[in-house]
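**Q** Sequence:
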Amino acid sequence: QQQQQQQQQQQLKKPTPVLPSLRGVFECAASVAPVTDWTLYDTAYTEKYMSTPWTSESFEPINATNELNRQAAQWMETSKWTRNYSGGNPSNPASSAPNQFGEMINERYKRASLLEQIATIDRKRFLLIHGTADDNVHFQQSIMLMKELIRRNILFETRLYPDRDHSISGQAEKLHLGATLSNFFAECFDMAY
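Using my numbering, count along the sequence shown one by one with no gaps and you end on 899.
Some hints could be false.
[What the hints assert, rightly or not] Listed below are the simulated SDA-like cross-link pairs for lysine to any residue, each with C-alpha atoms no more than 25 Å apart in a straight line:
(1) K853 x A735
(2) K880 x R857
(3) K880 x F891
(4) K853 x L746
(5) K754 x H844
(6) K853 x I824
(7) K880 x A818
(8) K853 x F732
(9) K853 x L820
(10) K853 x H872
(11) K853 x P868
(12) K754 x S737
(13) K853 x K754
(14) K880 x D840
Hints in this document: simulated from the structure, not taken from any laboratory.
These numbers come from a predicted model, not from an experiment.
All chains, please: the whole structure from these sequences, using the hints.
**A** Below, the structure written as structure tokens:
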């Protein structure tokens, strides 16, 4: 059983791309309020379809509490609370802890993460749109995607809608959003608009 758990942990460390065969298929892409990391999205919705991040692929519960406590204790013991450990901040020791728990997240969540899949869209044009007051898919999700796009040197455009929620409500905003998407795709496909 221990060997089986070790094999399972090794598999979890290597996320399998969901879209490996689509590289080069898309000329451009646009995303409005994307969920980039399902561990940060509404648990009632996400866990309905994907179970919990701490459940094995066969939907067998992992004793997350004990394992998290063990890893947290190990992390605190070995980190010495220094800036040199995983980029941590000595004034906020917990800033490095999430890196240690990432290994426990199951393969389903890793495969569904746009942050893991972004390498498959190394295309010419990418448009990211988000309302800054989105209480459904928090703006943090787009910030994480921006950081990953920059890290991978993927050029992108951004349109932010200040004080707008997930539906980017407001007549002027909806018209602007429609025009933004229309213009983006018209330019992408060299269409007269």
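**Q** For every hint, state whether the structure bears it out.
**A** We went through each hint and held it up to the structure:
no. : hint        : in the structure
1   : K853 x A735 : holds, 17 Å
2   : K880 x R857 : violated, 31 Å
3   : K880 x F891 : holds, 17 Å
4   : K853 x L746 : holds, 16 Å
5   : K754 x H844 : holds, 20 Å
6   : K853 x I824 : holds, 11 Å
7   : K880 x A818 : violated, 28 Å
8   : K853 x F732 : holds, 21 Å
9   : K853 x L820 : holds, 12 Å
10  : K853 x H872 : holds, 21 Å
11  : K853 x P868 : holds, 20 Å
12  : K754 x S737 : holds, 24 Å
13  : K853 x K754 : violated, 29 Å
14  : K880 x D840 : holds, 15 Å
This entry does not satisfy hints 2, 7, 13, going by the numbered hints stated previously.
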